[in-house]
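Q: Residue-level listing of the chains:
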Amino acid sequence: MEAKRRELVPLALLWGAGIATLVILIVILAYILANGLPVIPGTF
Amino acid sequence: MLLLCGISSVCAIFLIITFIFAEGLPFLIQAGPSFLISSVWRPTDSFSAGLWGIFPIIVGSLIVTLGAVAIGTPLGVACAVFLAEIAPAPVRRVLVPSVNALAGVPSVVYGFFGLLVIVPWIRGQFGGFGTSVFAAWLILFIMILPTIISISTDSIRAVPREYKEGSLAMGATRWQTIRSVLVPAASSGIIASVILGMGRAIGETMAVLMVAGNSVTIPDSIFAPTSTLTAQIALEMGYATGAHREALFAMGIVLFAFIMILTGFANLASRRRITY
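Protein chains in written order, with the numbering used here: chain A, 172 to 215; chain B, 23 to 298.
Think of the hints as simulated: they come from the structure by calculation, not from any bench. Every residue gets a Cβ at the ideal spot worked out from N, C-alpha and C, and that includes glycine. Everything hinted at is true.
Computed footprint of chain A on chain B; a stretch qualifies when at least three of its residues, placed anywhere within it, have a C-beta under 8 Å from a C-beta of chain A:
id : stretch
1  : 116-125
2  : 162-176
3  : 187-197
Construct all of the structure, not just a fragment, from the sequences and the given hints.
A: Shown next, in the form of structure tokens:
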């Protein structure tokens with residue numbers, strides 16, 4: 172039980188790293204799409 | 023036919039290298055060590071050899087690269103371990119293509135994002151112009167993440183299954199297995215991924231050009247502007263003539279030397295094998 176509790180923090184950090192990467196990607200893609208897509212119909 | 027393809031690509035690389043050395047080496051020899059250690063870069067006022075000093079640009083390149091790698095490595099390696107060992111299949115199905123998509127975004131788009139989001143945020147939070155070493159770190163660390171994550175994930179997955187099963191059979195927990203068996207066994211691939219990420223960071227031009235400020239001075243804080251070898255070459259090559267142009271090619275040789283050293287380290291690291 173003690174060993175499992177000790178594991179919790181590093182495993183949570185690894186989950187955090189994975190989710191942080193996903194969030195970075197989503198923010199960049201969302202920013203590009205949100206700013207770029209509305210302009211396309213009027214420009215082209 | 024295949025041999026011809028191989029020979030032609032080697033020839034193309036050889037010709038490019040020869041061209042850069044032919045253009046830059048005479049200047050590098052003529053300028054001597056002051057080219058590398060002098061701090062004054064005034065290419066349009068070239069009466070003295072001391073005005074061709076690229077020391078601040080070399081320092082800028084190294085600071086920007088090492089900072090980005092220092093931020094990107096822990097996150098990248100942790101994400102690679104997560105993807106290889108912990109992530110449930112549905113999460114992996116989303117994250118792996120996402121990381122690949124991150125690798126496919128052109129650097130000018132990252133630069134655009136940095137210029138419009140990161141630079142104003144730094145300006146608002148910390149003052150100054152916003153275009154700074156810190157902005158370059160943030161953009162470059164995002165750019166090197168896919169390199170570190172994909173190569174590290176592959177090398178962790180390439181660790182023989184028996185290592186993991188043996189460790190778990192001995193009573194080690196999941197984290198103990200990751201920390202003491204899988205990561206050490208995959209360390210050569212992980213180190214190679216970090217060095218290749220470093221190569222990408224030092225060679226990156228457009229994104230850094232847009233967010234670093236391009237000031238040829240040694241930055242006194244992380245919120246001060248700086249310049250890198252690649253950005254300086256890109257900025258000035260359009261109008262450079264004569265000795266100025268040769269100096270830029272000489273900077274290209276310095277950059278080439280950095281990349282070759284890094285690639286050499288990556289090769290050495292990837293040859294290292296840990297056996298149990």
